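The residues making up each chain are set out below.
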Amino acid sequence: MKTVCLYFEIHQNIHLKRYRFFDIGTDHYYYDDYENERSITETAEKSYVPALEALIEMARKNPGYFKCAISLSGTAIELLENYAPQVLELLGELNETGAVEFLAEPYSHGFSSLKNPEVFRDEVNRLCKKVKSLFGKSPKVFRNSCLIYDDEIGAQVADMGFKGMLAEGAKHVLGWKSPHFVYNCCRNPKLKLLLRDHSLSEDISFRFNDSNWSEYPLFAERYADWVAQLPEEDQIVNIFMELCALGIFQPLSSNILEFMKALPAQFKQRGITFSTPSEICSKVKSSGDLVVEYPTSWVDEERDLSPWLGNAMQREACEKLYSIADRVRAIRDRKLQQDFDYLQASNNLRFMSTKANSYGGYRGIYDSPYDAFTNYMNILGDFTARVNNLYPDMDNEEINSLVTTIKNQETELELKDKEIQKLKSMVARFEAAAPAAAEVEKKVVKKAPAAKKTPTKTVAKKTANSKKAVSPKSK
Amino acid sequence: MKVLMFGWEFPPKIYGGLAVASYCITNGLSKIPGVETTFCLPKPCGEEEKFLRIIGMNEVPVAWRDPDSNYLKGRLVNNTPEDYYRFRDHIYADFNYKGVNDLGCLEFAGGYPGNLYEEINNFSIIAGVVARTEECDIIHAHDWLTFPAGVHAKQVSGKPLVIHVHATDFDRSRGNVNPTVYGIEKDGMDHADCIMCVSELTRQTVINHYHQDPAKCIAMHNAVYPLSEEIQAIEPHKNPDEKVVTFLGRITMQKGPEYFVEAAALVLKRTRNIRFCMAGSGDMLNDMITLAAERGIADRFHFPGFMRGKQVYECYKNSDVFVMPSVSEPFGIAPLEAMQCGCPSIISKQSGCGEILSKCIKTDYWDINAMADAMYSLCTNDAYHKYLAEEGIKEVAEISWEKVGERIYRCYQEVINR
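If you read the sequences in order, they're chains X and E.
For the first sequence, the residue numbers in numbering that gives the first Met the number 0 are 0 to 474.
For the second sequence, the residue numbers in numbering that gives the first Met the number 0 are 0 to 417.
Note that these hints are calculated values from the structure, not bench results.
Since the structure is predicted, the reported quantities are computational estimates derived from the model, not experimental observations.
We put the CB at the ideal spot given by N, CA and C, even for glycine.
The reader is advised that the hints may include incorrect statements.
[As the list claims (entries may be wrong)] Heads up, incomplete: computed chain X residues facing chain E, CB under 10 Å, no partners named: (1) N254; (2) A311; (3) D370; (4) T373; (5) M376.
[To be verified] Below, computed lysine to any residue pairings styled on SDA-like, alpha-carbon distance capped at 20 Å: (6) K354(X) to V223(E); (7) K385(E) to N310(X); (8) K72(E) to P32(E); (9) K319(X) to T379(E); (10) K354(X) to S357(E); (11) K268(E) to F21(X); (12) K385(E) to E315(X); (13) K385(E) to M259(X); (14) K354(X) to D363(E); (15) K354(X) to D186(E); (16) K385(E) to T353(X); (17) K72(E) to A62(E); (18) K16(X) to D363(E); (19) K162(X) to V290(X); (20) K348(E) to Y365(X); (21) K348(E) to G363(X); (22) K354(X) to H384(E); (23) K268(E) to G380(X); (24) K185(E) to N175(E); (25) K393(E) to G380(X); (26) K361(E) to S38(X); (27) K129(X) to G91(X); (28) K60(X) to Y365(X); (29) K16(X) to N368(E); (30) K361(E) to C378(E); (31) K361(E) to N310(X); (32) K215(E) to N175(E); (33) K268(E) to I23(X); (34) K268(E) to V290(X); (35) K319(X) to H208(E); (36) K361(E) to G270(X); (37) K348(E) to V290(X); (38) K16(X) to K361(E); (39) K215(E) to D186(E); (40) K60(X) to G380(X).
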């Protein structure tokens, strides 16, 4: 039996304003509020609201049958909270139907997965908390910004405890293999990989309304036939896209929503089911390792990082941004952290792309990639100066060594925490076993773990104190 | 195919961009087999390159005289005595009243003298003789100075006329056109069978301000020659602690020099390790020196004066950023040359060359904030500078005069077969 996994991304970046170099050091507000409000309101109106209403309708009409997955970036959540709360309400409504699974992703929709593991972990945790507070469920499956995946990222994600991750079914990675199977990360077999079928996904997200396309106009029947006609062994069809595909890339006038609404009935007729990513991860066995040495993404024909890190300017901007990542993390200043989140968004780098024929040549307020770069670097210049100002009379090496100390202490603390947990559970087990045991024995056992416990706790406290002693200095 | 071309300048005597463009276009055409170009010049110096035939208009008789062949050999710089006698057979009216010399020819001062209108008129009178003598398939006239000659030649020979607009008076005057010049330009365009404009920008001016049929106006972008070995060998002298931002061109209203000074003042408010260089001369030079002093940046702002030949390339090589803030630039070859030397360019959006360049920064000429921002980021961000420098060299290497020559040739064929 075949199953379809539908997934939608909700991401909007915070737009940067025109920032000249003479603003450096005088103006610390980098955002174009008007553009932010305009773009999110427009997107909500044209796409998110009608699309989510359609999904809710599909879920209500096919209870227990229709399912999908959605992920939100942190910046998108913030924008929606501020300017379009009705979208969050609709998401809540969809959540109540039980048809939706929320996935985790980095808060900023940036490239920390490639540049800085600590920042990456921190970002993902923040997003998970946010999603839990909004929808009451902690995500179990992860998707990276722009669906970027390689072995190393897979290993990190597996370490964070996710059981599955979405990735692109890029031809240069799969070769003769089919994306319609579940694979696992070659570094850690616990992490299952769901690979996007880019052809079926983009039939909806890019080509649906293209009258030059040979399959135009596409109807739900034919689309369901395509899925049904796949070879018998192909069990899983992953259809991933941005939610804006419904309403913005494909305008509402193209009847994209009617197409979507017709899909469940057509799939049902052909015996195809819907599944959420975590259902697939728990039910379906992996058919083998997938080796991805170089990062893949879901954009352009190359399916690599070239739209964001394709030219020297983009690499420079990204390098400079993440060069201060550790310091930003160590400072723990909310305002700086927020700016850092917004600056990380992949869109900022996309604006600097010089690739010809790249899909989505939208440049926002910028005339050219050079303009985008200049503006971004001016802002980054001011931001870097602000971060460095918090470390007066210290040169980089000193700061770096301090940052590493803090980092080491944190890992140490984590280890200790784990140890404490372990010991606690041991104590609990002993205590549970105790009533049955003899009284004399009980006394001995009780004393032993207590003796073990105290020293570890003091060590933990000590490290915590020493960390506190460092941070005020650094501020 | 025989092309009769009228031009006002030709290397080695260079007054402005027109000479270089004329040279490059004819040279590009000369690479195409079967194309013979005859180039009519008011006053050749006899040292022009000989890949095409040049006719010195100052040695074409317009009134009957009978000098002997040996005397002519001593007198003529460019034309041969045979040419002289052939031309003499086609004198079509008596121009003795015009003040001809002992050979029956009209003299030219060369360049752009005070009696320019008279010289243009004389040039057109002589063109009548040339057109009657020389057989051709098509007539090509460069810039308004030679338009009357082109029109005259067309009327005499009945051959199609192509005119090449390198600049219009709207560009030179920021909109306050000289009515006489406008009249000559408009008349030339009205009579032309095809109008080649050096950019889409110029093409739009021709269509909108000269009311020409868009169908006969085409954009024919200029190009650059690859750098010679001698120029490539120039070693740049750069101070590692300082950056140099350069303006190079005539310091006149058209080139927008004041925007460069204002942008420089903005940049220098924030940083001091950048020097600005304004090379060239022109009627606004003194105003610019005063302006730089008023803004208090004279210590960082330099005026090295007019540059020629190799000096120009030395200047590009020693610069970190080249700026061309022209208010209206029909094409503007300078940024291409700077990019060849690995110097990233900032150009105004009102420059025609921007239409074929993508690896350069474009701002509005009046937007001094954007210009200052672009200068600052190129000077402070090495990776960015390196990217634009390398990509710029690659991009300009793709733009060649040979390709332009071929395009012009195809255009000729179309006009002839029309």
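To see whether the hints hold, each was checked on the structure:
1. For N254(X), the shortest C-beta to C-beta distance to chain E is roughly 38 Å, which exceeds 10 Å, and the interface hint is violated.
2. Interface hint status for A311(X): upheld, as the beta-carbon distance to the closest one in chain E is roughly 4 Å, under 10 Å.
3. A distance limit of 10 Å between C-beta atoms decides the matter here; for D370(X) the minimum to chain E is near 7 Å, and the interface restraint holds.
4. At its closest, the beta carbon of T373(X) sits 4 Å from a beta carbon of chain E; the interface hint therefore holds under the 10 Å criterion.
5. Annotation: M376(X) was flagged as interfacial toward chain E, and the flag holds, the nearest CB pair being 6 Å apart, inside 10 Å.
6. Under the criterion of a C-alpha separation no larger than 20 Å, the hint pairing K354(X) with V223(E) is inconsistent with the structure, at around 25 Å.
7. A threshold of 20 Å between alpha carbons decides the hint, and for K385(E) with N310(X) the separation of about 11 Å falls inside it, so the pair holds.
8. The straight-line distance between the Cα atoms of K72(E) and P32(E) is roughly 32 Å, outside the 20 Å bound, and the hint therefore fails.
9. Restraint check for K319(X) and T379(E): satisfied, since their Cα atoms lie roughly 13 Å apart, inside the 20 Å limit.
10. Among the hinted pairs, K354(X) with S357(E) is consistent with the structure: their alpha-carbon atoms are about 12 Å apart, no more than 20 Å.
11. At most 20 Å may separate the alpha-carbon atoms for a hinted pair to count; K268(E) and F21(X) meet this at roughly 8 Å.
12. About 11 Å separates the Cα atoms of K385(E) and E315(X), which keeps this hinted pair within 20 Å; it holds.
13. With a CA separation close to 49 Å, the supplied pair K385(E) and M259(X) exceeds the 20 Å bound.
14. Between the alpha carbons of K354(X) and D363(E) the distance comes to roughly 24 Å, so the proposed pair goes past 20 Å and is violated.
15. Taking the CA atoms of K354(X) and D186(E), the gap is near 45 Å; set against the 20 Å cutoff, the hint is violated.
16. This hinted pair checks out: K385(E) and T353(X) have alpha carbons roughly 15 Å apart, not beyond 20 Å.
17. The suggested pairing of K72(E) with A62(E) holds, with an alpha-carbon distance near 19 Å, which does not exceed 20 Å.
18. With a C-alpha separation of about 19 Å, the suggested pair K16(X) and D363(E) falls inside the 20 Å cut-off, and the hint holds.
19. For the hint pairing K162(X) with V290(X), the CA-to-CA distance comes to about 18 Å; that is within 20 Å, so the pair holds.
20. A hinted pair counts as satisfied when its Cα atoms are at most 20 Å apart, and K348(E) with Y365(X) qualifies at roughly 14 Å.
21. A hinted pair counts as satisfied when its Cα atoms are at most 20 Å apart, and K348(E) with G363(X) qualifies at roughly 19 Å.
22. A threshold of 20 Å between alpha carbons decides the hint, and for K354(X) with H384(E) the separation of about 18 Å falls inside it, so the pair holds.
23. Proximity of K268(E) to G380(X) is assessed by CA-CA distance (about 17 Å); at most 20 Å being required, the pair is judged to hold.
24. As the CA atoms of K185(E) and N175(E) are separated by approximately 15 Å, the hinted pair is consistent with the 20 Å bound.
25. A threshold of 20 Å between alpha carbons decides the hint, and for K393(E) with G380(X) the separation of about 30 Å lies outside it, so the pair is violated.
26. Between K361(E) and S38(X) the alpha-carbon distance is near 26 Å, which puts this suggested pair outside the 20 Å criterion.
27. Taken as a hint, the K129(X) and G91(X) pair is honoured in the structure, with Cα atoms around 13 Å apart against an allowance of 20 Å.
28. Between K60(X) and Y365(X) the CA atoms are separated by roughly 45 Å; this puts the pair beyond 20 Å, and the hint is violated.
29. Restraint check for K16(X) and N368(E): satisfied, since their Cα atoms lie roughly 14 Å apart, inside the 20 Å limit.
30. A distance of roughly 16 Å separates the Cα atoms of K361(E) and C378(E); the hinted pair therefore holds under the 20 Å criterion.
31. For the proposed pair K361(E) and N310(X), the alpha carbon gap of about 19 Å is at most 20 Å, so the pair holds.
32. Pair hint K215(E) plus N175(E) does not hold up; C-alpha atoms about 26 Å apart against a cutoff of 20 Å.
33. A distance of roughly 12 Å separates the Cα atoms of K268(E) and I23(X); the hinted pair therefore holds under the 20 Å criterion.
34. In summary, the hint linking K268(E) to V290(X) is not supported, as the alpha carbons are separated by about 54 Å, beyond the 20 Å threshold.
35. A distance of roughly 49 Å separates the Cα atoms of K319(X) and H208(E); the hinted pair therefore is violated under the 20 Å criterion.
36. Of the supplied pair hints, the one linking K361(E) and G270(X) is violated, its CA atoms being roughly 58 Å apart against a limit of 20 Å.
37. For a cut-off of 20 Å, the pair hint linking K348(E) to V290(X) is broken: about 48 Å separates their Cα positions.
38. About 19 Å separates the Cα atoms of K16(X) and K361(E), which keeps this hinted pair within 20 Å; it holds.
39. Proximity of K215(E) to D186(E) is assessed by CA-CA distance (about 15 Å); at most 20 Å being required, the pair is judged to hold.
40. Restraint check: the Cα-Cα separation between K60(X) and G380(X) comes to about 53 Å, which exceeds 20 Å; the hinted pair is violated.
Of the numbered hints stated above, those contradicted by the structure are hints 1, 6, 8, 13, 14, 15, 25, 26, 28, 32, 34, 35, 36, 37 and 40, listed in ascending order.
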